[in-house]
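Novice: Residues per chain, in single letters:
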Amino acid sequence: MISIALATFKEALRKKIFLLVGIITFIYLVLLTLITYYACSQNTASKGSFDIYMMASSFISILGFYFSSMLVAFLTIMASVGSISSETESGILHSIITRPIKRRDYILGKYLGLAILTVLYSIFLYAALLIIYLVIQPSLVHSFGTLVLVKGLLFFILEPLAILALSLYSSSSFKTLGSGIFVIAIYILGLIGGIVEQVGSAVSSDTVYKIGIISSLISPFDVIYRKLTNTFFGNVGMTNSFFVPGSISNTAPSTFMTIYVFAYIIGLILITVRKFKKKDIG
Amino acid sequence: MVIETVDITKYYGKKLGCRNVCISVDKGQIFGLLGPNGAGKSTFVKMLVGLIHPTSGKGFLLGKPIGDINTRKKIGYLPENFKYQEWMTGADLLSFHASLYKLDKRLSHERIEDVLHLVKLSGNERYKISTYSKGMQQRIGLACALLPEPDLLFLDEPTSALDPIGRKEVRDIMLELRSHGKTVLLNSHLLSEVETVCDSIAIINKGEIVKQGNTDEILEGKLVLEAVVEGINSSIINSLKKYDSELIINNNKITLSIESKDNVHEIACMIVENGGRLYGLTPRRESLENVFINLVEGGDQV
Numbered sequence: 001m002i003s004i005a006l007a008t009f010k011e012a013l014r015k016k017i018f019l020l021v022g023i024i025t026f027i028y029l030v031l032l033t034l035i036t037y038y039a040c041s042q043n044t045a046s047k048g049s050f051d052i053y054m055m056a057s058s059f060i061s062i063l064g065f066y067f068s069s070m071l072v073a074f075l076t077i078m079a080s081v082g083s084i085s086s087e088t089e090s091g092i093l094h095s096i097i098t099r100p101i102k103r104r105d106y107i108l109g110k111y112l113g114l115a116i117l118t119v120l121y122s123i124f125l126y127a128a129l130l131i132i133y134l135v136i137q138p139s140l141v142h143s144f145g146t147l148v149l150v151k152g153l154l155f156f157i158l159e160p161l162a163i164l165a166l167s168l169y170s171s172s173s174f175k176t177l178g179s180g181i182f183v184i185a186i187y188i189l190g191l192i193g194g195i196v197e198q199v200g201s202a203v204s205s206d207t208v209y210k211i212g213i214i215s216s217l218i219s220p221f222d223v224i225y226r227k228l229t230n231t232f233f234g235n236v237g238m239t240n241s242f243f244v245p246g247s248i249s250n251t252a253p254s255t256f257m258t259i260y261v262f263a264y265i266i267g268l269i270l271i272t273v274r275k276f277k278k279k280d281i282g
Numbered sequence: 001m002v003i004e005t006v007d008i009t010k011y012y013g014k015k016l017g018c019r020n021v022c023i024s025v026d027k028g029q030i031f032g033l034l035g036p037n038g039a040g041k042s043t044f045v046k047m048l049v050g051l052i053h054p055t056s057g058k059g060f061l062l063g064k065p066i067g068d069i070n071t072r073k074k075i076g077y078l079p080e081n082f083k084y085q086e087w088m089t090g091a092d093l094l095s096f097h098a099s100l101y102k103l104d105k106r107l108s109h110e111r112i113e114d115v116l117h118l119v120k121l122s123g124n125e126r127y128k129i130s131t132y133s134k135g136m137q138q139r140i141g142l143a144c145a146l147l148p149e150p151d152l153l154f155l156d157e158p159t160s161a162l163d164p165i166g167r168k169e170v171r172d173i174m175l176e177l178r179s180h181g182k183t184v185l186l187n188s189h190l191l192s193e194v195e196t197v198c199d200s201i202a203i204i205n206k207g208e209i210v211k212q213g214n215t216d217e218i219l220e221g222k223l224v225l226e227a228v229v230e231g232i233n234s235s236i237i238n239s240l241k242k243y244d245s246e247l248i249i250n251n252n253k254i255t256l257s258i259e260s261k262d263n264v265h266e267i268a269c270m271i272v273e274n275g276g277r278l279y280g281l282t283p284r285r286e287s288l289e290n291v292f293i294n295l296v297e298g299g300d301q302v
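From first to last, the protein sequence lines stand for chains Z and Y.
Start counting the first sequence at 1; every next residue gets the next number (our numbering).
Start counting the second sequence at 1; every next residue gets the next number (our numbering).
One or more of the hints may lead you astray.
To be verified - Label pairs and their calculated CB-CB ranges:
1. Z:Met70 x Y:Glu86: 28 to 38 Å
2. Z:Phe262 x Y:Tyr11: 36 to 46 Å
3. Y:Lys120 x Z:Leu149: 24 to 34 Å
4. Y:Ser192 x Z:Phe26: 52 to 62 Å
5. Z:Glu89 x Y:His117: 53 to 63 Å
6. Z:Leu217 x Y:Glu86: 37 to 47 Å
Stated by the list, open to error - Quick list of in silico lysine-lysine cross-link-like pairs, DSS-like style, CA-CA up to 27 Å:
7. Y:Lys58 x Z:Lys275
8. Y:Lys253 x Y:Lys64
9. Y:Lys73 x Y:Lys58
10. Y:Lys206 x Z:Lys278
11. Y:Lys15 x Y:Lys27
12. Z:Lys278 x Y:Lys58
13. Y:Lys83 x Z:Lys278
14. Z:Lys277 x Z:Lys102
15. Y:Lys64 x Z:Lys102
16. Y:Lys58 x Y:Lys27
17. Z:Lys279 x Y:Lys15
18. Z:Lys16 x Y:Lys168
19. Y:Lys64 x Y:Lys120
20. Y:Lys73 x Z:Lys10
21. Z:Lys102 x Y:Lys73
22. Y:Lys74 x Z:Lys278
23. Y:Lys64 x Y:Lys27
24. Y:Lys83 x Z:Lys15
It is worth saying that the hints were derived from the structure and are not from the lab.
From the three backbone atoms N, C-alpha and C, an ideal C-beta is built for every residue, glycine too.
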């Protein structure tokens with residue numbers, strides 16, 4: 001399992017995808033720094049009330065975390081959708097799984113290697129975000145406290161781990177193109193589901209709310225993101241960047257959903273292992 | 001037995017892969033698997049190495065059921081579609097496979113040196129696989145399969161990308177392995193290669209084994225006799241037709257199939273007694289190619 005994990009990690013590092021993500025990340029961080037700086041200096045200049053300043057700062061921060069989590073999702077999907085399918089299609093897999101390793105270890109090794117990569121990237125991006133906010137908006141980030149920051153980091157890491165579980169399932173089931181389409185479709189379903197769920201809650205429509213919940217069960221990635229923002233900004237009354245602050249609140253996912261996300265990851269890995277064990281590699 | 005299968009069968013849905021294949025291969029043998037495209041050879045090999053799950057039947061490698069993880073430490077496999085991680089160097093690839101075989105670091109280093117030397121790739125290991133020619137990729141694949149000093153080696157079309165010198169080198173490696181008591185299963189389209197190195201052969205057609213046995217046994221009883229005769233007349237031809245009604249006459253050369261070498265002397269006497277002048281009489285074994293074509297075409301007609 002360790003051999004597979006190491007090879008998977010090295011492969012992701014050596015392939016151009018890593019360089020591409022590195023460039024995108026750099027551009028993104030520069031842009032985010034500029035936007036945050038100008039937005040905050042505008043607010044400070046207007047000398048509005050402290051509440052408005054906090055609200056505006058939260059809004060910008062939420063946007064930052066929102067796009068950062070999307071960037072992590074992008075890296076995770078790009079690095080993993082073809083990780084098994086491309087080896088199956090090319091025949092590389094033939095000489096790997098005929099060696100003395102269990103098929104289970106191959107899947108777990110793939111997961112571990114990619115998980116290390118995405119977790120390291122997530123930590124880097126999270127740290128970069130905090131540094132930007134610390135420098136530009138000291139009052140807000142200082143108010144979080146270490147425990148909240150650590151909790152936030154855990155949710156920030158949890159999202160790529162969940163996407164990775166889905167992506168490996170998809171990669172072991174479909175060809176690379178199909179696998180990519182499947183994972184992106186499920187990811188988008190989660191984003192839409194999250195909005196639908198909040199709309200349902202806002203307009204008190206049980207049916208709409210339930211549709212949102214079902215979408216979140218299939219694709220709980222937005223749930224994790226909302227958990228993250230709720231950890232930071234719940235007290236400001238904002239959990240989603242799409243909505244006007246204060247108009248929709250108290251839509252933070254329940255603890256049950258957090259437990260569900262862990263079950264989702266473990267369940268998907270188990271299903272992938274089981275399916276892959278029975279698969280004929282032609 | 002190093003390889004033993006009992007009625008091993010594979011269906012892909014309703015499509016037949018192979019059916020009721022029973023083979024037994026002794027230690028220290030080179031076993032050839034022959035068959036036309038789509039006959040089920042690769043399906044059979046892939047079942048043995050654990051890529052494909054049999055629909056029914058059993059198989060044993062080195063005395064253990066197919067798929068036994070510990071047994072795989074002593075099995076090498078060079079796939080037909082040899083393809084390796086192009087982002088790796090040759091050395092990376094061999095280290096990776098050494099780690100899959102769970103070789104310790106010291107042994108792994110030694111074995112990598114040995115196999116690189118054996119497949120004549122020493123000095124090329126620092127280059128990326130993406131820069132390797134097809135032949136070099138096949139050689140590095142063979143090197144990976146040889147890493148654990150396998151007791152059993154599966155070679156699926158191992159020389160398909162090699163030039164004649166490379167082919168001879170691979171044949172020499174197989175013979176060397178055999179001399180050390182190792183067993184090789186060779187799946188190849190190159191009949192001359194199979195005929196040269198294999199101790200026993202199985203011919204598979206439409207998913208079933210149509211003939212198997214020692215190479216000599218398979219070719220035995222299929223002798224071709226070439227006679228150079230002057231003064232060929234109808235008496236000679238009629239008497240020779242008793243041996244082979246489809247004999248071929250080309251100028252002063254008569255080619256006919258005979259059952260055994262015992263017929264040679266009788267035929268010589270018959271030609272001379274009927275007024276022919278005999279200048280040459282050469283019995284030779286029928287080529288594996290002819291046996292193969294007859295078996296496969298015969299099967300197709302049925």
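Novice: Against each hint, give a clear statement of whether it holds in the structure.
Specialist: Comparing the hints with the structure gives:
{"no.": "1", "hint": "Z:Met70 x Y:Glu86: 28 to 38 Å", "in the structure": "30 Å, holds"}
{"no.": "2", "hint": "Z:Phe262 x Y:Tyr11: 36 to 46 Å", "in the structure": "40 Å, holds"}
{"no.": "3", "hint": "Y:Lys120 x Z:Leu149: 24 to 34 Å", "in the structure": "58 Å, violated"}
{"no.": "4", "hint": "Y:Ser192 x Z:Phe26: 52 to 62 Å", "in the structure": "60 Å, holds"}
{"no.": "5", "hint": "Z:Glu89 x Y:His117: 53 to 63 Å", "in the structure": "33 Å, violated"}
{"no.": "6", "hint": "Z:Leu217 x Y:Glu86: 37 to 47 Å", "in the structure": "40 Å, holds"}
{"no.": "7", "hint": "Y:Lys58 x Z:Lys275", "in the structure": "22 Å, holds"}
{"no.": "8", "hint": "Y:Lys253 x Y:Lys64", "in the structure": "55 Å, violated"}
{"no.": "9", "hint": "Y:Lys73 x Y:Lys58", "in the structure": "20 Å, holds"}
{"no.": "10", "hint": "Y:Lys206 x Z:Lys278", "in the structure": "25 Å, holds"}
{"no.": "11", "hint": "Y:Lys15 x Y:Lys27", "in the structure": "33 Å, violated"}
{"no.": "12", "hint": "Z:Lys278 x Y:Lys58", "in the structure": "17 Å, holds"}
{"no.": "13", "hint": "Y:Lys83 x Z:Lys278", "in the structure": "23 Å, holds"}
{"no.": "14", "hint": "Z:Lys277 x Z:Lys102", "in the structure": "9 Å, holds"}
{"no.": "15", "hint": "Y:Lys64 x Z:Lys102", "in the structure": "16 Å, holds"}
{"no.": "16", "hint": "Y:Lys58 x Y:Lys27", "in the structure": "19 Å, holds"}
{"no.": "17", "hint": "Z:Lys279 x Y:Lys15", "in the structure": "17 Å, holds"}
{"no.": "18", "hint": "Z:Lys16 x Y:Lys168", "in the structure": "39 Å, violated"}
{"no.": "19", "hint": "Y:Lys64 x Y:Lys120", "in the structure": "33 Å, violated"}
{"no.": "20", "hint": "Y:Lys73 x Z:Lys10", "in the structure": "25 Å, holds"}
{"no.": "21", "hint": "Z:Lys102 x Y:Lys73", "in the structure": "12 Å, holds"}
{"no.": "22", "hint": "Y:Lys74 x Z:Lys278", "in the structure": "23 Å, holds"}
{"no.": "23", "hint": "Y:Lys64 x Y:Lys27", "in the structure": "14 Å, holds"}
{"no.": "24", "hint": "Y:Lys83 x Z:Lys15", "in the structure": "17 Å, holds"}
Of the hints listed earlier, those the structure fails to meet are numbers 3, 5, 8, 11, 18 and 19, in rising order.
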